[in-house]
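Q: With chain A held as given, fit chains B and C onto it using these hints.
Chains as they are written, first to last, in UniProt numbering: chain A, 1 to 294; chain B, 1 to 548; chain C, 1 to 329.
Just so you know, these hints were derived from the structure itself, not from any lab. Built from N, CA and C at the ideal position, the CB exists for glycine as well. All the given hints hold, so there is nothing to weed out.
Using 35 Å as the maximum straight-line C-alpha spacing, the simulated DSBU-like pairs for lysine-lysine come out as follows:
| hint | chain 1 | residue 1 | chain 2 | residue 2 |
| --- | --- | --- | --- | --- |
| 1 | B | Lys369 | B | Lys542 |
| 2 | A | Lys58 | C | Lys133 |
| 3 | B | Lys369 | A | Lys218 |
| 4 | C | Lys224 | A | Lys13 |
| 5 | B | Lys529 | B | Lys279 |
| 6 | B | Lys494 | C | Lys93 |
| 7 | C | Lys87 | B | Lys537 |
| 8 | A | Lys13 | C | Lys243 |
| 9 | A | Lys218 | B | Lys39 |
| 10 | A | Lys58 | B | Lys457 |
| 11 | A | Lys58 | B | Lys336 |
| 12 | C | Lys93 | B | Lys134 |
| 13 | B | Lys466 | B | Lys163 |
| 14 | A | Lys112 | C | Lys243 |
| 15 | A | Lys177 | C | Lys317 |
| 16 | A | Lys13 | C | Lys133 |
| 17 | B | Lys403 | B | Lys62 |
| 18 | B | Lys108 | A | Lys136 |
| 19 | B | Lys519 | C | Lys87 |
| 20 | C | Lys93 | B | Lys529 |
| 21 | B | Lys429 | A | Lys58 |
| 22 | A | Lys106 | C | Lys28 |
| 23 | B | Lys506 | C | Lys93 |
| 24 | A | Lys112 | C | Lys21 |
| 25 | A | Lys218 | B | Lys92 |
| 26 | C | Lys214 | A | Lys106 |
| 27 | B | Lys225 | B | Lys506 |
| 28 | C | Lys321 | A | Lys112 |
Between beta-carbon pairs, the in silico distance windows are:
| hint | chain 1 | residue 1 | chain 2 | residue 2 | range |
| --- | --- | --- | --- | --- | --- |
| 29 | B | Ala75 | A | Gly209 | 22 to 30 Å |
| 30 | C | Lys243 | B | Asp479 | 54 to 62 Å |
| 31 | C | Leu194 | B | Lys409 | 55 to 63 Å |
| 32 | B | Pro414 | C | Pro185 | 54 to 62 Å |
Chain by chain, the residues:
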Amino acid sequence: MNLKAAKGDLDSKIFDTINIILLVVFTIIIVVPLWNVVVSSFSSGRALAEGGFIFWPKELSLENYQAVFRDTGIWQAFFISVAKTVIGVITHVFFCAMVGYGLSKKYVRGRKFYVAMGVITMFFSGGMIPTYLLIKSLGLLNTFWVYIIPALLSFYDVIILMNFFRNVPDSLEESAKIDGGGDWRVFLSIFIPLSMPAMATIALFNGVGQWNDFMTTKLYITDQSLYPLQMMLYEIIVQSQTQSMQNIGSVAIQTTTKGVQLATIVVTTLPIVVMYPILQRYFISGMMLGAVKE
Amino acid sequence: MFANKAFGKKGLTLFTVLMSVVLVVSGCSGSGGKSGSKKENWVSIEDRYTPDAETPAWKLDKKEEVTNLTWYVNADWWNTDFGKDVVTKKIKEDLNINIKFITGDDTKLNTFFAGGEMPDLITTFDSNSPVVQKAATWALPLNDLAEKYDPYFNKVAAQDTLKWFQLKDGKTYGYPNYSNTQKDYDSGNIPAKTAFIIRKDVYEALGKPVMGTPEQFQAVLQDIKNKFPELIPFGFNSIGEGTGSLGDTLQDFIGVPLEDNNGGFYNRNLDEDYLTWVKTLNSVYRAGAISDDSFADDGTAFEEKVKAGKYATILLDGTPQQGGNLQSFYSNNKGKEYIAIDGPQSTVGHSPTLNQSGITGWMISFITKKNVDPAKSIQLFTYLLSEEGQMLMNYGIEGETYKVNADGKVEFLPAVKELQLNNPDSFKKDYRMGEFMFFGHDRHKALSGDAFPDAIKQMQEWGKGKLVPHFILENINPDQGTPEARSLAAINTKWNSTLISMIRSKDDAAFDSLLNEYKKFLDSNNWDKIVEVRNEKMKANKEKLGLK
Amino acid sequence: MGKTVLVQPTGTGPVQSTGKKPRGQRIKEFFIDFRRQWELQSMILPGIIFMFIFCYIPIYGLSIAFKNYTVIDTLDSAPWVGLDNFKIIISDKYFWDSVVNTLGISFLKLAVGFVIPIILAIMIYEVSIGRFKKFVQTISYLPHFLSWIVLGGMLITWFSTSGLLNEVLLGLGLISQPQNILLDPSKYWWIATLSDIWKEAGWGTILYLAVMSKIDPTYYEAAKIDGASRLRQIWNITLPNMKMIISLNLILTVSGLLGSNLDQTLVLMNSQNREKAEVINSYVYRMGMTQGDFSYATAVGLGVSIISVILLVTANKVTSKLNDNQSVL
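In isolation and in its complexed conformation, chain A is listed as follows (with noise of 0.2 Å):
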């Protein structure tokens, strides 16, 4: 037994060393480029003309940012942006799981129709045009609703939420159930603690989506305090790409288009990254409660 032990004691050492190194390599292949991107996003636009890769800053200078932050509806949308992804999130969540729960149960009537029924919603879309006179129709156009209310289900979503769903033993639902429990309660009481990882994660793909999605807003909004960041950021490099087109008389441009697209990425993303150590527990941790052993 001892010989056992010490031979899987030395093959653990190997494999933490190996994997560790090769991980190093990985994070280094990741982070030059992005490092690059921040850097280059405090550079002058002049400085970042010349070309060249650079590893600190070239030129020290926020204009970039300056460009970004300049007007002052940038607060507004920021706020947006906040309110239609939290919103968005519990509520998306919240109705795919709802919807993913009763899926998974296998002797739900009908189960097959609906399934198929959602699969195609995966491949086949109307196109553009009909969605716009539907959203019309609905009354949705520019009002805040429209980034909640057509995002509230996705079937991928429901998908990946009722395999998860089915990977809780049986054993628990009929223990609640002889206890007098009907659906809602087992669903609420304790298949959604038990797959927050799951939830958790759609709550980031969905999150980091309504947190990016600046189409929505394209298509359906024309009200400018409606608008999130992402549009008003997409605005801001629009505005600085036509500005030599434009032909305002003798104006020496500083900022170049791509140090302003840099800015707006680091930040779109800072947001995302601050935030996503929290949701990261959840995928983290996982002990089954009451585990049953079968």
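A: Same frame as chain A, but now just chains B and C:
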């Protein structure tokens, strides 16, 4: 039983049933989109004013309520603010209107047509699209509008331009900006936008060489390569989906004829003179004076290199677009700025036929049938087209933002100029001169020295007298959706890659075989039909212009 | 330990399958079960209604594929042309070239790019140093947030003749002349694949890590006592627990073979590598831009959707067989 086989069979049955239902329903009756009966809205102006041919109607209109207009511009980059800057504030006051701008692309535009809710005014950019060609179905004719509401319109609109945009029913629906007629070309007011430029320090170091013949061109570039190893000897506009400045631009630069001897369509890509120069570029490439990167660079990368002065020489199309970058380089590198020189010349004695905005212009505006107040709208068009409107859009208000100095040149007041140079964002927000360009015109830009950055003034001077109208070649492509249009798209793609490959070819044999491949491609892709269509359209153009 | 199945009224819990009953009775049972399951059904129904409104109603827009639809048309005004659009597509040589490129790049991304997130996830999972683990995880998903416009621009700079790649290769003596690989068609598929992997590998680990976090640690303890090596533990414990999620991802990736990344293509494609870079959706995009051809785009979309569903069903069948006849769907 578990979703596997069953899903396959049941799922497919379900799917087929759903699809057929949907398609049958939409194929037969009217699902979605309201039917397209676009009723016109001819408001009455009886109690507002009586039209007068000598006075612009906006001065006579007694309407009290503010008219709210929605104006759709089919572009992403349009600035949608209204009413807060000097220019639009004045428009708002004088005309008693409020404009809400909407931006978008073709899909957004289609939602208006499909959904039945049209904006009051629409501006598009593509004269070849059905939007413009079938305007009679959704827009109001300007002729009728002028007659009924504002005869003064005919005084400020160019008759040639109106005629050019006439549709089959004899009426004109859209009006462009930067529409230059023969008169404009003759007046010399249109600035050239193309130039072959070289860095001043390079030019002087080499003893101000001539680069007119292919041999001279090659020799000088080789010289530059040797003496200035940190520069890219020859640069050109980014290639992207087209040919950069090495296709049409180069052809215009050396004066390739616009039509063949019988007045029919001439494939300038196969012109001998032009191909001689392409071969020259190939030799230049093989000698290492063109960087391969130039073919992969996108617009942003090209602009960065211009701004950093990385090119020794550039064949540049669109000098105003690079004005900012050239100015920036100039202000940081006095003595090294780019200047225009004669550059490549025709080997058979042709003079340059530089191109500029033609009669078609580039932003075409319409008044739609659902317009809430067509009278007010045509007044707006008249206003913007009039001298007053043009001065307002370009220079602002006399005494407030500009003055006319002793030589009759328009000049921004110092405070305004200062803002323009140092704080472009404030300038845009508070003043917006030069940006509100519906119906803008080159002749007004010519009034002031401030219309263009100093860095490109010498280049524009160089181009004086070299501009030739390309009117007969405007709008001659096959209609969208026809097989000829599809073939033409394929042919254009083929030409774009052929040209670049020829310039990069390793030897003469490769060059020739690429050219032959292109010729063969033409034959197997309906080229004859395309030429036929183009000849017809050229003829129609000449008729409209009253040419032979 | 045998499985105890409680006997419950039909339709409210796990059941044993019974033999076939006459039709009338089956229908009656269906509705009885339906009523008994009303709680579950009430969870599913809102989803069905949602899909009906937001997905199925707009599907009539697919009829554009059978019409000649231009910018100024409404769905009624556009003339019906039947299968003409499809005929045009099928006889278009450039279209088929784009199909080849699409499949080539997708297969490459599948072969190389599918496994990497799995391996990476396992590697991260196996790290015991908490801080390093969190650090790597956070770093790994950051490239996902770079837009292709920016990343593409960076790649253009790095691949230029004076750029990073050439500097390194020249320095290592692997090449004698700098070369811009973006101009070389034969390299394009690899450029597209590898850059995509760099960007998305870290993001792809998130789902796998979520699954792995649910694996009961006692299995590992038992295996260690038995003297199993780390690799063996991974092979026998970690991977089997991920079978379902891997299958799901595989099915969805396979069904997406005819798709591609439009942003990436538009930025990296140029006139020299076009013959290998033009994929289906970039080609359709260009057709739409230059020709205003909504019909063409819709028709291609419809064809691709149908084939994708077929791929999905096939992939589902195959993975089910490998998973003891358990389907992910």
